[in-house]
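Keeping their order, the protein sequence lines are chains A and B.
Heads up: the first sequence begins at 35 in our numbering, then just goes up one per residue.
Heads up: the second sequence begins at 767 in our numbering, then just goes up one per residue.
By construction, these hints were calculated from the structure, which means they are not laboratory data.
Do not rely on the hints blindly, as some may be mistaken.
Stated by the list, open to error - Derived lysine to aspartate or glutamate pairs resembling DMTMM-like cross-links, with alpha carbons at most 20 Å apart:
#, chain 1, residue 1, chain 2, residue 2
1, A, Lys58, B, Glu893
2, B, Lys897, A, Glu65
3, B, Lys896, A, Glu65
4, B, Lys794, A, Glu61
5, B, Lys794, A, Glu65
6, B, Lys853, A, Glu61
7, A, Lys58, B, Glu790
8, A, Lys58, B, Glu898
9, A, Lys58, B, Asp829
Every value quoted in this text rests on a predicted model; they were computed, and no experiment measured them.
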Amino acid sequence: MNRKFVLLALLNMIVVPAAQAQIKHIEMRVEGMT
Amino acid sequence: MKQHLGRQSGVQNVEVSLIDGRVEIAPKEDGQIDPVQVLKATYDSGVTVAELDMTAQGKIVKDSSGNLGLQVAPNRSFAFAPNELSKGLESLADSQTVVTIRGQLYKKPAGKKKADPSAPLKLLILEVQKKE
C-alpha cells in the first residue's frame with residue numbers, strides 16, 4: 035500500500051510538469067499575403 | 767495559407783488579418799504544434815514571414831554546452847538568444863519551476879528577401895509573464 039502511494043507520488047511529479055509545458059499561442063507578421 | 771496552416775499538426779485555429787498581415791495560431795492542447803513546421807508551412811504557401819512570436823510555458827533547461835532554453839515538451843526545447851531577461855532565468859535552470867514566456871522565435875533578417883527557414887531558431891525573450 036505504502037509502496038503504491040510512493041509510486042503514485044513519483045508519477046505525479048513526472049507527469050504534472052510535463053503536462054503544464056506547452057505552446058499557448060503563436061503570432062506571425064507576414065508579407066506578400068493577398 | 768489559412769487552410770495550409772490549419773492542416774499542420776497541433777493547430778487548433780488560424781486567424782488571418784489581411785489588413786495588417788497578422789496571423790494568429792491557437793495550438794491544440796496535445797502539445798504537437800511545432801513552430802518550425804508552422805514557419806516552413808507558411809513559406810510553402812508562398813508568403814514571407816517577417817516575424818514569429820510565441821507564448822509558451824515550460825521549464826528552464828540547460829544543455830550540455832551550458833546554453834539556457836525553454837522546454838515546452840519532453841522532446842522539444844528552444845534555446846534562448848541571450849539577453850537580460852534570459853540571464854534572470856539562469857537560477858531556474860533544471861528546477862521544477864514552470865515559466866510562461868512571450869518571445870520572438872524568428873525575425874526576417876534586414877536586407878534579405880528570404881531567410882533559410884531550416885536554420886536553428888533561438889527564442890529571444892520579450893517578456894516573462896509568470897513563474898510557478
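Each hint tested on the structure:
1. A:Lys58 <-> B:Glu893: holds (14 Å)
2. B:Lys897 <-> A:Glu65: Given pair Lys897 of chain B, Glu65 of chain A is violated - Cα atoms ~34 Å apart, limit 20 Å.
3. B:Lys896 <-> A:Glu65: violated (32 Å)
4. B:Lys794 <-> A:Glu61: Status holds; Cα separation ~15 Å.
5. B:Lys794 <-> A:Glu65: With Cα atoms ~26 Å apart, Lys794 of chain B and Glu65 of chain A exceed 20 Å; violated.
6. B:Lys853 <-> A:Glu61: Violated, at roughly 25 Å.
7. A:Lys58 <-> B:Glu790: Judged against 20 Å, a Cα distance of about 11 Å means the pair holds.
8. A:Lys58 <-> B:Glu898: Given that 20 Å is the threshold and the Cα spacing comes to 16 Å, the pair holds.
9. A:Lys58 <-> B:Asp829: violated (23 Å)
Figure legend: structure checked against the earlier numbered hints; hints not met, in rising order: 2, 3, 5, 6, 9.
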